[in-house]
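Chains as they are written, first to last, in the numbering used here: chain A, 29 to 98; chain B, 29 to 98; chain C, -9 to 68.
If you're looking for bench data, these hints aren't it; they were derived computationally from the structure. Because the structure is a prediction, the values reported are computed rather than measured. Every residue, glycine too, gets a C-beta built ideally from N, C-alpha and C. Careful: at least some of the hints might be erroneous.
Unchecked claim - In silico DSBU-like pairs for lysine-lysine, Cα to Cα no more than 35 angstroms straight-line:
hint : chain 1 : residue 1 : chain 2 : residue 2
1    : C       : Lys37     : C       : Lys51
2    : C       : Lys(-3)   : A       : Lys90
3    : A       : Lys41     : C       : Lys47
4    : C       : Lys51     : A       : Lys49
5    : A       : Lys41     : B       : Lys59
6    : C       : Lys(-3)   : B       : Lys90
7    : B       : Lys90     : A       : Lys61
Stated by the list, open to error - Per the computed footprint, the stretches of chain A lying under chain C, defined by three or more beta-carbons under 8 angstroms from a beta-carbon of chain C, are:
hint : stretch
8    : 31 to 38
9    : 46 to 53
10   : 59 to 68
11   : 80 to 94
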Amino acid sequence: FTNQATQINAWDKLLIANNDKIVALNDAVQKVKADQTTLEQELEFIATQHAELEESIAPLQKEFMNMPQV
Amino acid sequence: FTNQATQINAWDKLLIANNDKIVALNDAVQKVKADQTTLEQELEFIATQHAELEESIAPLQKEFMNMPQV
Amino acid sequence: ELKWRIKCQEKETEAHNQYLSKVEKDLTELKQRHAATTARIMEYRRKLAELSHRILKVIVKQESTRKVGMALSPEEEV
């Protein structure tokens, strides 16, 4: 009987330890998810910037490339 | 009684398996974190390049604005 | 009493197991998002290289035509 009680106490300890680790894991996963979302938003911003760059380059290219060569 | 022992044994295995899984998932999360850091650096590199490109476009745009319109 | 504790422990373990499966799924999804992000970054780097190349051509052209239409400088007149 004592043996069984000892066993149950050991399981309890392991469960509590696992529980703590799972809480930490959960925090880490939430953080990683949030960071990934930030990365994706930054990518969206880059896409907008690219479109703007392209828009400002196109007329310059058109104008300067048509200039008479020396 | 044997039946109960078998059940407890199975559950004990699950408990141990969970513990292993937590360790493995923790490693996986760390890996994702490291990968995110790499991506973050990539994005910074792109941002620097953007700034440089913008700087080289600025004088051209100025000149373009001052050009006599045909 | 012991039986009751074992029951609780079993339930707790089962809950852990379910949560861990959810984390596994989350991680799979994160890896997919990560792969997509990597692909987009590669695309943007290519795009930037292309834009840089285009603007460089404009700069070269502009430099070579800078003096067109300007009065000759004294040095050039001599």
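Of the hints given before, which are not true for this structure? 2, 3, 4, 6, 7
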